[in-house]
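Quick one: dock chain against chain with the hints and give me the complex.
Just so you know, the sequences run in chain order Y and V.
So the first sequence is numbered by this note's numbering: it starts at 1 and just counts up by one.
So the second sequence is numbered by this note's numbering: it starts at 1 and just counts up by one.
Hints are computed from structural coordinates only; laboratory data are not their basis.
Glycine residues also receive a C-beta, built at the ideal position from the N, C-alpha and C atoms.
Some hints here could point you the wrong way.
[Stated by the list, open to error] Over 10 Å on every C-beta distance to chain Y, these chain V residues come out as not near it, computed from the model: (1) L83; (2) S99; (3) M100; (4) K101; (5) L102.
[Said to hold, decoys possible] Quick look at which bits of chain Y chain V covers, simulated, 3 or more residues with Cβ under 8 Å: (6) 17 to 25; (7) 55 to 61; (8) 70 to 80; (9) 112 to 125.
So you can see what is in the structure, the chains are spelled out below.
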Amino acid sequence: MDTILFIVFATVAVVCAFNLVLQKHPISSALSLIGVMGSLAVLYLMLGAEFIAMAQMIVYGGAVMVLFVFVIMLLNAGTEKPSGKSWFAQIAGLPLLLAFVAVMGFAIRAGLPGLRNVEFGSWIGGTAERIGQLLFTHYLLPFEVISILILIAILGAVVLARREID
Amino acid sequence: MAHVPLSWYLILSAVLFALGAAGFIYRKSVITVFMSIELMLNAVNLSFVAFSYEMHRVDGHIYSFFVMVVAAAEAAVGLAIILTIFKNRGTLQIDEIDSMKL
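In isolation and in its complexed conformation, chain V is listed as follows (with noise of 0.2 Å):
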């Protein structure tokens, strides 16, 4: 018992993967909505490094660390919109949040 089979690991990624999406779409707050973006790309990191070490290669790795530097940037923009929005709005519930509605 002392292997796990990769595709566990792939497994649990889709499972991830899955529980953000219905996060994003189910849930009505700004910030829990940019929460279950965050899961969802560590869902896609984690199959990286899985796959990384499926090759035994470091490039996996390296798209993972680049995944993560562009989440921080965006996490930094978004949560600076959401301040905005806030400022101007008064709420986070993101069916009030719809000017840009037709």
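Excised from the complex, chain Y in its bound form (with noise of 0.2 Å):
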């Protein structure tokens, strides 16, 4: 069940991130983007993450691809035209990916020898109790950090979105 599980989200995971690249409309793109999102809060949730699961959809997937779905539609964004592609990319793009992704499986299988079985329920760490308790004690100054980092985000979006600035 697990490995059903695992294989059908996965495959569409990577068909919908297959699709974000292969997509000439922006639209398009995020709307695979949205499917990418979803299958991985699944897997989070396999892995026994439940609030990174639930943070997953709701901040990814509602926030920042909504936000991403406003721009698209307030900025009319069309079909992105081709350009002139550098032979470089063209000749060794394709190459250098798969070579990418088998060197890291290579690294994967042979320099972690010993790596667990996932078993759905059989560590469930990731409850909103156990994150908040960390999130709150050990790492209390890295939140708070993070509180300013958003604040300031907040004022540069305003800042950048008026309309005076030309």
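The following block contains the structure:
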């Protein structure tokens, strides 16, 4: 059952990621990215990360993608024009990509022997309770720093999107 | 067949990261390039959570949560920059935005 779920959602994620790269229209890419994020949320759930799965759906699938779709619609972004790709990208792009995946796969299989097998439900560590405990004790300083980062990002977005600037 | 090796998750993460990098280099629309960056961040999040399962510790989830927060902040600022670029230049093609090129 775990294997079937993993294969189904991993396939969905990879197909959607391919679609993101290959589609010419930004809105198609955005919808494929939502598919990737949804299937990754299921994979997080299978890895026992309940809180991260919910945060993935709410923050990524909700907030960030709504922002993306909103900007695409607002700018009326159409199909991108094909442009002259460099000869290096045309010749070496795909082989380099495959080489990267092969090297990473080899490093994972050979360099990390004896990894656990994932069984759904055998370890549910990432509940909101435990994340919250750790976040407000051991990781309190990064948490506060990141709240300041968010504040600065809001100010930056407001300043940048103002009409007067040109 | 009830067990999935953890390495499958890590390889899936590598594949998604490679696809994100390919989109980042290959695509010519600013918004799609930005979405490819989000895809790469998601791939790294998956390997954080997978290693967290391996260690049976929650720390990886917290790093992953921080990555998510930073990505949300980055999306807000980046899309505001894209809006400004479009207002000033009327294009989203990355080739045509080259005023900082020597």
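**Asked** If you check each hint against the structure, which ones fail?
**Response** 1
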